[in-house]
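Residue numbers (the numbering used here), protein chains in the order written: chain A, 1 to 229; chain B, 1 to 229; chain C, 1 to 229; chain D, 1 to 229; chain E, 1 to 229; chain F, 1 to 229.
It is possible that some hints are incorrect.
Copies of the same chain look alike in the list, so a pair counts if it fits in one copy or across any two.
To be verified - 16 Å max Cα-Cα, derived EDC-like pairs, lysine to aspartate or glutamate:
#1 Lys-218 x Glu-141
#2 Lys-195 x Asp-207
#3 Lys-140 x Asp-210
#4 Lys-140 x Asp-207
#5 Lys-140 x Glu-21
Since the hints were made in silico from the structure, they are not lab data.
Take a look at the letters that make up each chain.
Protein chains: 6
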Amino acid sequence: MPVVVRNTPRTDLEVVDGLAEAGVATVHEAQGRTGLLRADIRPIFRPSRVAGNALTCEVAPGDNWTIHVAVEQVQPGDVLVVTPTSPCDDGYVGELLATSLRAHGCRAVVIDAGVRDVADMTQMGFPVWSKAISAKGTVKETPGNVQTPIVCAGAYVRPGDVVVADDDGVVVVPREQAPAVLEAARKREANEAAKRSQLTSGELGLDIYDMRGRLAGKGLRYVDYLDTP
Amino acid sequence: MPVVVRNTPRTDLEVVDGLAEAGVATVHEAQGRTGLLRADIRPIFRPSRVAGNALTCEVAPGDNWTIHVAVEQVQPGDVLVVTPTSPCDDGYVGELLATSLRAHGCRAVVIDAGVRDVADMTQMGFPVWSKAISAKGTVKETPGNVQTPIVCAGAYVRPGDVVVADDDGVVVVPREQAPAVLEAARKREANEAAKRSQLTSGELGLDIYDMRGRLAGKGLRYVDYLDTP
Amino acid sequence: MPVVVRNTPRTDLEVVDGLAEAGVATVHEAQGRTGLLRADIRPIFRPSRVAGNALTCEVAPGDNWTIHVAVEQVQPGDVLVVTPTSPCDDGYVGELLATSLRAHGCRAVVIDAGVRDVADMTQMGFPVWSKAISAKGTVKETPGNVQTPIVCAGAYVRPGDVVVADDDGVVVVPREQAPAVLEAARKREANEAAKRSQLTSGELGLDIYDMRGRLAGKGLRYVDYLDTP
Amino acid sequence: MPVVVRNTPRTDLEVVDGLAEAGVATVHEAQGRTGLLRADIRPIFRPSRVAGNALTCEVAPGDNWTIHVAVEQVQPGDVLVVTPTSPCDDGYVGELLATSLRAHGCRAVVIDAGVRDVADMTQMGFPVWSKAISAKGTVKETPGNVQTPIVCAGAYVRPGDVVVADDDGVVVVPREQAPAVLEAARKREANEAAKRSQLTSGELGLDIYDMRGRLAGKGLRYVDYLDTP
Amino acid sequence: MPVVVRNTPRTDLEVVDGLAEAGVATVHEAQGRTGLLRADIRPIFRPSRVAGNALTCEVAPGDNWTIHVAVEQVQPGDVLVVTPTSPCDDGYVGELLATSLRAHGCRAVVIDAGVRDVADMTQMGFPVWSKAISAKGTVKETPGNVQTPIVCAGAYVRPGDVVVADDDGVVVVPREQAPAVLEAARKREANEAAKRSQLTSGELGLDIYDMRGRLAGKGLRYVDYLDTP
Amino acid sequence: MPVVVRNTPRTDLEVVDGLAEAGVATVHEAQGRTGLLRADIRPIFRPSRVAGNALTCEVAPGDNWTIHVAVEQVQPGDVLVVTPTSPCDDGYVGELLATSLRAHGCRAVVIDAGVRDVADMTQMGFPVWSKAISAKGTVKETPGNVQTPIVCAGAYVRPGDVVVADDDGVVVVPREQAPAVLEAARKREANEAAKRSQLTSGELGLDIYDMRGRLAGKGLRYVDYLDTP
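The whole structure should be built from the sequences, with the hints applied where relevant.
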C-alpha cells in the first residue's frame, strides 16, 4: 500500500551547502568512491550545481500522481528524487510542477525517467537531472510512496540523505556521514590545489606520486620504436 | 518500385504556425497524447522550435540519394521527415543539403538517422532533429520513396501532416485534425496560465485538482517517520 | 607485459593543422570514407575542433594509471587517444590530468570511456571527446600500453597517426597518407564552395549532379497524389 | 477516448497459412523489403513459426487492461499485436492471458514490450515475440484502443493485416496485398531451390548472378598480397 | 575500506524453498510488485529456477578478487549476488569459481556483470543469471565488500534476503517479510488455479473480473468498422 | 577503391584446431587478455565451437555484395569475418550464402551485423556469430574489400589470423603468435585441471592462491554482523 512518511530527518543545510561547493567528483572520492547514480542521469542544462536533502518519491510507470503528493512534503533545501517502479522515459515533470516545487523551496529534481518543458525550466534556471527528455504525458491513477528509502539510478537513497549534483552527475551521501564526508572533501580540495600548481608547472604525476618503482615492479618496460616488430 | 508522389495535400500555414507556438508538449496533450516520435530524436542545437508540413522521405541504409529527389518537392513551410528502411546512424544530411533545402523554403529536418556538419548548420540556424550525429558519408545507389506515408521514429507520418518540433522532441498532427488540435491546444494554454499563478503562489496541486479524496480511496496512507520500521 | 614505446614517428604539424581546418566530414570523405570512430564519442563542449598526433594509451577497466605514464611521452601537438581493454564508463581523466597534459603540449583527449570535471575542462577550453561523463574514480593498479597500435571506438590508431576531431566526431588518418589526404581535402573544399553557391541560388542537386537519367534507370516514378490508393 | 472497433476485415486463412509457410525473410523480400518490425522483437522460444490476422491493441505504459478487452475480439487465426503508447518493458502477458487467448483461437502474441511466465508459455507451446522478458506486473487503470491502426516496433499494422513471425523476426503484410505477396513468395522459393542446388555443388554466386563485369565497372581490383604495403 | 561481515542472518531454507516453488512473477506480485532486478539480468540456460539466501559481494570493475573472498563465507543454500561498483561486462565468474562455489553449497550466481565458461556451467547444471556473457578475464588487485547491503541491477539486497530466480528474471524478498510473502504467494497460486480453469473454458476476463462497468466509466466505446473514418 | 587481396598467408590448420580445442576464454588468457571481439557478438545456436583462418570482408551498410566476392576466396578451414563500414543490423548472410560458403570449406561466419534464416542455418549446423538476427534484405551496389586488415566488433583482424569462437564469444590470435599462444593455452589447461580438483574437494582459492596476506595488506577487514551499524 502506498505511503507518505512525514517528519523524516534532514541534514543541516550548512553541511549540504558545503557539499555542493565541493562538487560531485570530490564528494564521491571523499566518501570512498560510493553513492554515484548511473552516468546516464544528465542535467538538462549546463553548468548546473546544487545540493539538497533528498525528498524521495517512487512512481508507477507513466504515472506522476505521486509527485503531486510529494510537493506537499517539500521543505526549503530539498531536492526531489524520483524513481519509477519499472523503466520509463515519460515526461513526469514539466514547467508547472517545477513552478510548484520551487514555490515550496525545492532546489532541483533528480529523476530516473523523463521530463518535459525543458526550454521553460532552463529559462527558469530550475536544475533537473534526468534519464530522458520526453513530451509524453503521464496519468494520475496509481499512487506510490513518498519519503521511503528507494533505489534511484542504481543508488540507494533515503529521505534526508544529501544529494549533490553537477555537470559530472549525481552522488548521494548518507545523512549520518555527511559532516565527515564534508570534512574529507575539504581536505581533498586543499591537497588538490597543491598538486594543481605542480602539474601546471610541468612536473609529472609519475614523480609527484612516486610511481616509477611500483610501475617497474608491475613489469612496465620502455622500448624504442625501432625495436618493435 | 520507388515513387515520388506529387500534388500531395498540405495544411494551412496559419494552423501550422499556431501549432509551433503551442509547442510539442501542449500539442501532444491536446490531441490525446498521441503522435510523438521516439525520445532519442533530439535537436542539434537548443533552443529550437518549428512546425511545418511533413515532406516525407524513405531512404535506404547508408544512401541519401532520395533526399536529393525530395528537395525538388519542397514547398515553403515544409519540414523534411526522413526515415531509413533499416536502422542507420550515417550522416545523411549536411550543410550543402541544408543550404539547398532552405533555398526552397524548407524549415527544418527531422530524421531517424544521423546528420553531419552540425557546427555549420548550427551557425546557419537551420534546425535539425536527429537520432545521431555522424560524419559518415552516404552513397547514391538506391532510390526510395518521397511523399508516401512512412513510420518515422515510431510515429506514422503522411505528407502534409503537421510536424511540430522543439526542445522536448517531435510530434505529428494528422492534417485533418490540425485545426481542432490547435483550438484544443489554445484552450489548454489558457487553462495552464491560471494554474501557473496558483502554483507560483504556493497552492498545492493536491488542492487545486482536488486529489485528496481519490488518493485516500486508492489507499494512500500518511505515517510518521518514528512509526516506520 | 605492459610497454611504453619511445621515439615513435609523428606527422608534420603543418599537415596536422591543415587537416584540422578541413574538419572531420571532409577528411573522412577525402580518404575514401574510412577511419571514423564510433558516433557515440562526443565532445564535452561545442564548438570544438582540433587535430594532433595520436599518443595512444591502452588502459585496464576502472584504472587510469597508464595515463600518468603517457603524460611523460607527450610532445607538443599530440592528442591523447585512450582505449580501455573492456568497455568502461569510469571517469579516467579530470581537471588535474588535463592540466598536466596541457602543460606538456597535449591539445586534446579522445577516449572510449568516461571523463569527469567537465565543467572545469570546459572553462579551461581543453577539448575532450568521450563516450561518457562520469564522476566515478579509477584505481592505479594495472599498467597498460603507451604508444602501441590500438583499436579505439572501432578505429585502428597507431602512434603518430593524425586524429581530427570536431562537433561531427573523430576521424583517424594514417600518418603515411596524411599529406595526400590533406591535398584531397582541399580539393574537395574548393569543389564544395562552387556547389554551395549553386545550391544557395536554388539550383537542384538533381540537375547539378545530373541524376535524373540514372534515377529513371533505377525505376523511380513520379505519380500524382490523386492516382494513389 | 479509447475505442474498440468491431467487424474489422480479416485476410483469408488460406492466404495467411501460405505466408506462414514461406517464412519472414521470403515474405519480406516478396513484398519489396517492407513491413519488418524492429529486430529486437524476438521469440521466447525457438523454433517458432506462425502467421495470423493482426488483432491490434494499444496499451498504456505498465497497464495491460486493454488486453483483457482485446480477448473478446479474438477470432480463430488471429495474432494479437500489442504496442505501448510509450516504451515499456513490463510483463503485459503471462500464462493466464495466454490460456485465455488460446481458448478463443489466438495463435500467438507479438508485443513491443515485455512478457512473463515464459517457462509456462514455452511448455504450452504458445508462441510469443516480445522486446523483453520481465516479471513486472501491470495495473488495470487506463483503457486503450483495440482494432485501430497502430505502429508496433516501427511497423504500421492495421486490423486484419497478416502478421508472419518466425526465428528471423516479424513482418506485416497489408491485407489488400496478401494474395499477391503470397504468389511472389512462392515464385521466389521456387527460384531459390534452383540456386541452392547450384551453390551446393560449388558454383559461385559471382557466376550464377553474372556479377563480375558489374563489379569491375565499380572499380573492384584484385591484387596479390605480396604487392600490398 | 573493504570489509567482510560474518555471522549475518539467513532466512530459513524451508521458506526459501517455498519461494522457489512459487517462482519470480508470483513472488513479485505477492510482495506488492517490488524487489525485481533489471530485466537484462538473464539466465545462461533455460529452464532455470532457484532460490537462496543472498550472499552479497561488491567488486571493482574488471576485478574478481572479492569473489574468492566470498567463497569462504558460503553456507549451503546461499546464492551469490555480485554487483560491480561501476558498469562492467567482464567475465567475473567461470567454471573454476562455479566449481568452488558449488563445493561449499552455493546454489547459483546472480551478477550485474559478465560470466564466462557458459558451456561448462550449463553442462554442470550450475544456474547463473548475468547481464552479459564475456570471455574477458579480470584482475585481483582491489578488494571489495562481502555481506554488506548492496544495490544489484536496481534492487537493494542485504545478506540473508531471499533471492528467487527463474526464466522470468530475479526478485529479492527482504528476510523479515519472507514468511508472509510465501503465504501470500501460495494464496495467489490457489486463486490463479481457479481462474485458469475458467479461462481455459473460454470465459472472459472481462466477466470473471467484472470489468465492463468500470471500462465504460473510463469512456471505452465500441464502434463498428464501417463507422470509422 | 575496393580491393580483393589474393594469396594471403594462413595459419597451419593443426595450430588452428588446437586453439579451437582450448576455447575462447583460455586462448584469450593465454595471449595476455587481448584480441576479444565485443561481447554482443553472439552465436545463433548453442553449443557452438570452431576456429579457422580469418577471411576478412568489409561491406557497405545494407549491402552484401562483397560477401559474394569473398566466397571465391574461401579455402578449407577459413572463417568468414565481416564488418560493415558503419553500424548496420541488416541480414547480410542467409541460408543460401551459408550453403555456398560451406561448399567451399568455410567453417563459420563472424559478423558485426545481422544474419537471417537462422532456423535453417541451425538445422544445417552451420555456426554463426552475429550482432543481430534480422530478416532485412541487402542490396548489391557498393563493393568493399576482401582480405584486407579490418576492425571487427572492436578487434583488429588480418587475413590468416586465427579466429576462435565458442559460447563465450570470439577471440582473434595474430597468425605470427598462434603457435606460441597454443602452447601457452595448453599449459594453462594443465594447470587448471589441478586447481579444479582442489576446488572440487572444497579447498579455498584464498589458500590455493595464497591470497590472505595480500588482502590484509590492502586493508580487508573481517567484522561481525552484530558490530555493524
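Cross-check of the supplied hints:
no.: 1; hint: Lys-218 x Glu-141; result: between (60 Å within a copy, 9 Å between copies)
no.: 2; hint: Lys-195 x Asp-207; result: within (11 Å within a copy, 41 Å between copies)
no.: 3; hint: Lys-140 x Asp-210; result: between (59 Å within a copy, 12 Å between copies)
no.: 4; hint: Lys-140 x Asp-207; result: between (60 Å within a copy, 14 Å between copies)
no.: 5; hint: Lys-140 x Glu-21; result: neither (37 Å within a copy, 27 Å between copies)
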